[in-house]
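*Asks:* One-letter residues, chain by chain:
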Amino acid sequence: MVLAELGSAFLLASLVLVVLSAGAGVVAGRQGDGPLASVARRAFYAAAVGLVGASAVLLVALLSRDFSLAYVFEHSDRSLSLPLTAAAFYGGQEGSLLYWALLLALMGSASIAASAAASIRLTAYANAVLAGIVAFFLVVMVFVASPFSLLPAAPTDGLGLTPLLRDGGMLIHPPFLLAGYSAFAVPFAFAIAALLAGRDDAAWVAHTRRYALVAWGLQSVGLVLGMWWAYHVLGWGGYWGWDPVENAALMPWLATTAYIHSAQVQERRGTLRAWNFGLVIAAFLLSALGTFLVRSGILPSVHSFAVSPLGPWFFGFLSVSIVVSGAALAWRSDRLRSPLAVEPGASREGAFLLQNVLLVALTAAVLWGTVLPLVSGMTGRELVVGAPYYERTATPFLVAVLAVLAVGPLLPWRRVRGGWLRLLRWPLAAAALTLAALVIGGVRQPGALLALPLVAAGLATCVAEYGRGAAFAARLAGPWPLTAVRVAARNRRRYGAYLAHIGMLAVAAGLVGSHAWQQTRQVTLQPGQSVTVGSHTLTYEGIGTRSETDHTALIARVRMGDETLEPGRLTYPSLGGQAVTTAAIRSTPLDDVYVVLAGADGAGAAFTVYVNPLVTWIWVGGALLVAGVLLGNLVRPQPQEERAPAGLGATVAAR
Amino acid sequence: MTTTIPSPTETPTPPPTLRERMGGRGWIKWLVLGAVVAVCVGYLIVSATGSSAEYYQTIPEMRSHPSSGNVRVLGTVQDDVARSDGGLHVRFTAAEGGQSMPVDYRGTVPDIFKPGIQVVVDGRMGSDGVFHARTLEAKCPSRFSSAQSQGSPTG
Chain A
1 MVLAELGSAF
11 LLASLVLVVL
21 SAGAGVVAGR
31 QGDGPLASVA
41 RRAFYAAAVG
51 LVGASAVLLV
61 ALLSRDFSLA
71 YVFEHSDRSL
81 SLPLTAAAFY
91 GGQEGSLLYW
101 ALLLALMGSA
111 SIAASAAASI
121 RLTAYANAVL
131 AGIVAFFLVV
141 MVFVASPFSL
151 LPAAPTDGLG
161 LTPLLRDGGM
171 LIHPPFLLAG
181 YSAFAVPFAF
191 AIAALLAGRD
201 DAAWVAHTRR
211 YALVAWGLQS
221 VGLVLGMWWA
231 YHVLGWGGYW
241 GWDPVENAAL
251 MPWLATTAYI
261 HSAQVQERRG
271 TLRAWNFGLV
281 IAAFLLSALG
291 TFLVRSGILP
301 SVHSFAVSPL
311 GPWFFGFLSV
321 SIVVSGAALA
331 WRSDRLRSPL
341 AVEPGASREG
351 AFLLQNVLLV
361 ALTAAVLWGT
371 VLPLVSGMTG
381 RELVVGAPYY
391 ERTATPFLVA
401 VLAVLAVGPL
411 LPWRRVRGGW
421 LRLLRWPLAA
431 AALTLAALVI
441 GGVRQPGALL
451 ALPLVAAGLA
461 TCVAEYGRGA
471 AFAARLAGPW
481 PLTAVRVAAR
491 NRRRYGAYLA
501 HIGMLAVAAG
511 LVGSHAWQQT
521 RQVTLQPGQS
531 VTVGSHTLTY
541 EGIGTRSETD
551 HTALIARVRM
561 GDETLEPGRL
571 TYPSLGGQAV
581 TTAAIRSTPL
591 DDVYVVLAGA
601 DGAGAAFTVY
611 VNPLVTWIWV
621 GGALLVAGVL
631 LGNLVRPQPQ
641 EERAPAGLGA
651 TVAAR
Chain B
1 MTTTIPSPTE
11 TPTPPPTLRE
21 RMGGRGWIKW
31 LVLGAVVAVC
41 VGYLIVSATG
51 SSAEYYQTIP
61 EMRSHPSSGN
71 VRVLGTVQDD
81 VARSDGGLHV
91 RFTAAEGGQS
101 MPVDYRGTVP
111 DIFKPGIQVV
121 VDGRMGSDGV
131 FHARTLEAKC
141 PSRFSSAQSQ
151 GSPTG
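So the sequences go chain by chain: A and B.
Heads up, the first sequence stops at 655 in the numbering used here, and the numbers go up one at a time, no gaps.
Heads up, the second sequence stops at 155 in the numbering used here, and the numbers go up one at a time, no gaps.
In isolation and in its complexed conformation, chain B is listed as follows (with noise of 0.2 Å):
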């Protein structure tokens, strides 16, 4: 019916130059870029790794390997839950294979937060023996098997 109209912008595709049939010599100028691309990315990934990178914990792990940086630790909430500030502010112990730590936090809370469930908080432990949290993120109970939920975004 219309095969007539051509299109409008294609140029057609000329047939291949000699360089080309040859096999052409590209590929050296390709395998440079690619090495280039590929230092670029590998240096990105790494620098940005080092740079951010966070040691992922539970309290005895945390307890015997104190580390003056950021940390992310696992614990689970225990019942001394103290709100203030209309809910913005909590403080509670967090406790897990034994050892337990005072954690103090500021911001939203997850709706789930209560004692009882795991949470994970990440922020430092500081010279008060407080571990001063910067987020706090709840683990779903695993009765609810592809539930959600955030407390926070993520860093």
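Bound-form chain A, shown alone (with noise of 0.2 Å):
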């Protein structure tokens, strides 16, 4: 009771906070008013510390289990553990609501912080437009979807979470997918403050990279973890369905994906200004468009939300965003034209631009296949379009970007002077190996025989690189590995980003092996018998049933070699009797042999068997993607270190 009045107070105030914080941050953006400035940032602050309470209450009122407000009612109830409890606080609709604007008004708070001393006016604006999208979020809270509703009566227990979501990767997979989500909005809120107060230089690109990235990585773990959670907990044998919703998360990855590398070119050349500015904001345009197919329900999803009034708001949230964008961008459209035009041909700006045009590309691609079915469904019968779709669309910009990958880094700026096969030769001889590798192994399948010489190219690309950097280390004054600390310390992101491409190698390995290689058999088994899959042969021993506090298990016995799997079928009488596919998982870095019980009856056990080659590589790779991006930028960059200086004159073909 207390606790609901109290939490719809914190919210009612930050939203009077933050729509203050808008307006001075409109006034002092275009006065250059920095005392004004210090209003809208303070009021921010504050907005940030209400929204921080009433997620407080919310945690407190679900840990608590004061079952008379409605969400925690509907989200959780009294057997269920502690830390899945305060996981239901963005388990449901508007508790996600709440999360966002959390860590919207956090992130938001953090870079306007870091910014405020290096220019009044582009922080005013970002700071505008960031209270503009947390007001947004309050607004819905307030009025249409409070997580702080009461029921008429208090009931004595909870509906629950549905036991799918019982488990540890809901922990950690929601919240940074949302805080991926969420954190889309801080590069987009610089870029269009620098269009608003005329900054496109270097200022620009230097903060809106870091945001870009701490998004970015986020997003990264998000998607790794989602993926990890599908193939360990549904037990479907696979880890990425194309569904709508997984698509809405992968599109601004993509498109922050392209900005990284692009933001690259504006540092070095200035030249890609207005491209720049378009990849940060369709990065936050297609978080906002994902959010509004996810949670309006339009879209024939396997992820079901519920259905809600929220989708008219979510369509007004994104058509303002889109009139706002598109209105800044044709503004200032006389001021981003390139004063240097790229030159055509091989360079690293041209391979930073190839490799963006693709995933450019890819995001349409994926765009379309997700909005087909409302395109379609406007002017006649409703298409939908599944896996075989987007396989087709995105194996030959993933082949091509592989080998974008594999060369791009050795091409130096501006033009290749001379040698060719000189310069390329550690990734030419590394694909040949590889390739008569797999043909004497005895590969056909033409995708495997494309993309894998392609990813040892691009690892050998890395290693030579990161091999010249300790040879020119070892030249210098001082003990080696002294100096090859100092070289790579120096170079971090530099050396950070081959980390991250070594990551993105081993996660193309992981699904080209995956897809190329996998192997499925649905078999009925009596104790005793056998099945053969791939080169695993696996013996069903038999069947028994455990009962825990909450649920029943059945558990079948399966033999592999001299392991014992153990895949069962989770039944909860509490919820319905609904069942849950536990699946068992034999896990090496070559293949993965996953089993699952379908069911017992007099005809035996059910089993589906997979054998997925490399899926450990997708794990493994995620976690390196991560490491290489954190490790490059983690600390501040000093002014005079942003830019590597180039004294050692002899170019990378002349070497």
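For the record, the hints were derived by calculation from the structure and aren't laboratory data.
Backbone N, C-alpha and C define an ideal beta-carbon position, used for all residues, glycine too.
Among the hints, erroneous ones may be present.
Just some of the chain A residues that point at chain B, by a computed CB distance under 10 Å [what the hints assert, rightly or not]: (1) Ala116; (2) Ala118; (3) Gly369; (4) Met378.
A few chain B residues that don't get close to chain A, going by computed Cβ distances all over 10 Å [claimed, not checked]: (5) Pro66; (6) Pro102; (7) Asp122; (8) Gly129.
Distance windows between CB atoms, simulated [what the hints assert, rightly or not]: (9) A:Ala153 x B:Ser47: 40 to 50 Å; (10) B:Arg124 x A:Val463: 25 to 35 Å; (11) A:Ala346 x B:Ser64: 35 to 45 Å; (12) A:Leu630 x B:Ser47: 38 to 48 Å; (13) B:Leu33 x A:Thr571: 36 to 46 Å.
Two chains, each in its own frame: build the complex with the hints.
*Replies:* Shown next, in the form of structure tokens:
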């Protein structure tokens, strides 16, 4: 009772503060008024504090099992463990809106505080944009979908959480993905601010790039964890289903991947300005579109969300965002002409541009597949596309991106002088060796024969670059390990990026391997019978039941070599007898054996057995990707360090 | 401190050439390249859509627009679910909008599959009047507002 009113009061106070902050930010941005800008900042910080208060209230309500709140009643019950009860904070519609607004307010505050000293007008406008976005979420929470709605009478127990979400993955996957989604607003705010303030220079790139990297890193973690969760918990043998909800998370990630590469072209050559603004804005609009699609339930998806009155609100938000960004871009279009054209042909900037075009084309293909039901539904019968569409369109782009990844880092800026073969000798040799090994090994799938040599070439490129750094360090004065560390630290952005590239290559190898060589068998076995899938023979030994506090488990024992796998089915009587499959997975770097118990009756026990090659590489690669970005960007570079001095004088081709 | 350590590989950026200062004629090549890429991407998207798009229908819509190819149909599972082969083979009636159809499916059945839930089946209507599904996906009950479930890989 008291909690609900306290929470609502926090939300209302935050709303008043962000509206004040947005207004003050716009005026301060127009007039370059320092004191007013600081008023806007402080109002924003205060709103963030209010959102922290509201979130604390909701957590206390959940953990104290205050079922008088509709949200607590609908998303938890007394049997739920404390960590999962806390996770219900973002498990439902209203709570996830609060979580979203909270993260945006915190990240927004951090970015405003970090940039305030650099430029009054830029930061004031960014402050206004961020405050406007937070205001949207607060309006929705205060007037439409409050997490603090009260039930007429407090029930004694809640409805509980679906068993599928009663998993450790639930504690980490949604918070990262929602954090990634909300973080895309920060680079967007600084992009709009730069347009409004007329600042399209290096300061803008330096700020926006860091915030884009934060959003990109969070979204990377969220995507990999989502794949991991789908693979380990949902029990269908795969990790990516090209569902609209997954696509919605992927598209802003792709656009931001393009931006963090093309931003370097602007840093080095001062060109691609309009393009970079477009990418940052597109990433945010795609995340807003994704939110709208996911929350409104207008697309056929296996992730069905509660039918809610929020669809029109998110549509309005998306429309306003599109109009504001379009207007800002059009207004400043004359200032965005690049002073230097990129020369066509082989050069580092050419490779970046090609990679950008490929990623944008891939984003467009995913977007088309995602919105096709809407577009076709407007003109006639509703059409949908499934995984085959995405695999057909995405594969050529991914192969081309792998090729760019292998060649691009070796190309010098501006243009290649001389020796192509010498420049590309390491990746070419690695690709040729891998191709020969695959052919001799009996591989005939064209996709694998094309993609895996390119992965090897990319790896050779990264290793060669590390090797050159190490050799260079050896020529410096001082003991070698020390100079190597100094060279690596000094160029951490570049060496971090190569580590991220290696991670991406491992992910690519995993994707290729698990697609090209996956094997599946569905069998019904009597105890003692065996089945062979690929090179693995599994023997069904028997089945038993176990009783736990909230469920009963049917567990089969399957022997594979000297290991015993135990796929099971859990039944939750308190939730209407709902069953949950627990897949048994035996992972090695080479392949995963993935056993699902489909059911058991008089005819025996039914299993689906998958052999998924190289899936482990995806998880390891994802970790390397994020580690590379963290290592490369964790410490704020000093201004004089931002651009690595080029004193060696030797071109790549000449060495 | 260590500002004198040069970078091992970066080449110095030379000053702009005359052609660049004149604005360059590179944009024509870029325009051609861009057009080629756009055509390729467009072709890829259109051809992939044409070969893999399916109609997404309710049962009454499917009955009024019979189609020989694969379709995806939304329906509610009725009480006549018959499982065999240890659960890897199910037959049931799906109903929606006052019409119904028998469905036959082999494969892993989603955990939450039971009478009363909504399913999306992907397959084709056989000459025997039975819908033969290649995939069967369950839609989650709306009570679990952020729950997800997937019965089998789509496609």
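*Asks:* Decide, hint by hint, whether the structure agrees.
*Replies:* Hints, verified against the model:
Because the closest C-beta pair between A:Ala116 and chain B is about 28 Å apart, greater than 10 Å, the hint is violated. The beta carbon of A:Ala118 is not positioned within 10 Å of any beta carbon in chain B (closest approach about 22 Å), and the interface hint is therefore violated. Nearest Cβ of chain B to the Cβ of A:Gly369: about 8 Å, under the 10 Å cut. The hint holds. A least Cβ separation of about 14 Å between A:Met378 and chain B goes past the 10 Å threshold, and the interface hint is therefore violated.
Chain A leaves B:Pro66 outside its interface by the beta-carbon criterion, the shortest separation being 12 Å against a cut-off of 10 Å. Every beta carbon of chain A lies more than 10 Å from that of B:Pro102, the smallest distance being close to 21 Å; the non-interface claim holds. Annotated as non-interface, B:Asp122 brings its C-beta within 10 Å of a C-beta of chain A; the closest such distance is 7 Å. With a cut of 10 Å on Cβ distances, B:Gly129 stays outside the contact zone with chain A, its closest approach being about 22 Å.
Between A:Ala153 and B:Ser47 the Cβ separation comes to about 59 Å, which falls outside the hinted range of 40 to 50 Å. Judged by the Cβ atoms, the range 25 to 35 Å given for B:Arg124 and A:Val463 is violated: they are separated by roughly 50 Å. One distance hint, 35 to 45 Å for the beta-carbon pair A:Ala346 and B:Ser64, is violated here, with the actual separation near 57 Å. Distance hint for A:Leu630 and B:Ser47: a CB-CB separation of about 41 Å, consistent with the stated range 38 to 48 Å.
Checked against the hint of 36 to 46 Å, the pair B:Leu33 and A:Thr571 fails, with Cβ atoms roughly 59 Å apart.
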